[in-house]
Amino acid sequence: MQKNFEKVAEVSYLAADNYERYRAIMNFFYKQHRQMNDLLYRKDILEYMHSLYAQNEYAEKELEQDLHALTSWGNIVPRQEMSEPKSIQEYKNKHFRYQITETSIALEEMMDKLENSSGKSRGSLDKNTFERLLNSLTLLQSENDSVKLLNTWDDVQTHFTNIKNNTSDYIGYLHSDQAEAVMQTEAFLVFKDKFIFYLRDFIVTMQNTADRIQKEITNVSEDRLETIFQLVVDKEKKIPSTALNGFDEKGLRIEFFGIWQSIRAWFISDDNKTSEYSSLIKQTTYAISKMTRMIQRFSDRRQQYQSRKKDYIKLAKWFYQCEELDEVHRLSAIMFGAAHTKHFYADPLETSNKHSDLWEVAPSHHQTEPRIRAYRTRTKAASFQRKSTAKRELLEGILEERAVLENQMKGLIQDQKIDLGIHQTVPIAIRKVFLRWLSLTYQQEKRAISTEFGFQVKTIIYPERRIKLESEDGILTMPHVVFEIQQ
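Each residue of the sequence shown is one higher than the one before, starting from 597 at the first, in the working numbering.
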């Protein structure tokens, strides 16, 4: 059902012809409201306006017109003084006190934030907020007291809002024109260490807590969320309200579960969207690399124009103070490196087996050619041999080895998983496959890859447990790893 949007008359004073006067009056009402003084006399308003305008520029007649306009738009509400009039003149000129409306308070709060921020909000990367959010999520699952559970839900929303807003503002500040301009100057070198340490410390803390936060979010069940929602509904129903439409439980449900879905999407990626947490890691890492590059350019620029005269004089004194030739040679080796070095070149490995070890590959023979312009490599016509038989035999050998490896792998699968804690003795080739799977899956966000055997595996690691994987060439001590088979 489409919602019917109505015209908001209360914002009219922001763009009316005499907006300066209207805004001055509403700002006075807002400041008095902040001081718990909601009902204002006309003379108090007039005195304030005279502090801004001269009396001949702003008379009581203009004030009456302005108050009438603001009243008609719904910005202020007149309250008549309940007092006995002492004359006919007092009866005609009824005494009113004026009060700012709730909508106008919200508008003035918005204008106050806009005027004070002026696009200069820098935010922050507070690592402690992640710890507080983690603690609140843990209590959200374990707390049984209704009042404490509601307070915990409020804490979760508060900490998440702080994380979302502060990190977004700070990343925006790092990419702003103001920050870019500062980073382009050499004055930034004074703050470089502080900036980089701040970002790296935040990344380390965030990575240490993010996995646990994701786990706690996943552990919160639908029943638990429904329990919290009912507590929120009961709390809202107890609040007296004059709303004509009654209590909107459906709208509150949409808002509640929408907040939880936002928290989940911020930390956990899905098939359609990458999480904001992953994006934040990339952006902070990029900010560090950008600062490092700028610092390197500044250093190179300063090094280019720096005189090395004093360095050379100091170095010459060191050599002059050497008493023996052998001592001079040692100092020269320390300062300039070895005078004569050997360079080794190796041709690419002549094997197509990616599981081969170095000592299993035949050594390569390399012929060094003269480094002169006149030298040309001699070419000699030779016949071409297809070697079809050798190729076929080689292919059959590779397929046979692969079939043996596949059969060994299938023999390790139990209940659609390979538990290295059970199969602690494996062939060397199988161990190499396991280590390669482990390396590849940790490069994926979902910890899952497609294997050469036609199925997918997902890696689950239990770092608190240690196992020993034994093969013919030795024993490998490693965390407990389980590969889940996913068709």
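FYI, nobody ran anything at the bench for these hints, they're computed from the structure.
Keep in mind that a hint or two might mislead.
Below, a list of computed lysine to aspartate or glutamate pairs in the EDC-like style, where the Cα atoms sit at most 16 Å apart [stated by the list, open to error]:
#, residue 1, residue 2
1, Lys831, Asp844
2, Lys1042, Asp807
3, Lys790, Asp722
4, Lys834, Glu818
5, Lys846, Glu872
All figures in this text were calculated on a predicted structure; none of them were measured in a lab.
- Query: Given the hinted pair Lys846 and Glu872, is their alpha-carbon gap at most 16 Å?
  - Reply: Since the Cα atoms of Lys846 and Glu872 sit roughly 28 Å apart, the hinted pair is violated (cutoff 16 Å).
- Message: What's the verdict on Lys834 and Glu818, does the C-alpha distance respect the 16 Å limit or exceed it?
- Response: 25 Å, violated
- Would you check the hint for Lys1042 and Asp807, treating anything up to 16 Å between C-alpha atoms as holding? Given pair Lys1042, Asp807 holds - Cα atoms ~12 Å apart, limit 16 Å.
- Message: So if I understand the rule, the pair passes when the alpha-carbon distance is 16 Å or less; does Lys790 with Asp722 pass?
- Response: 15 Å, holds
- Message: For Lys831 and Asp844, compute the direct alpha-carbon distance and say whether it is at most 16 Å.
- Response: 13 Å, holds
Consistency with the previously given hints fails for numbers 4, 5, ordered from lowest to highest.
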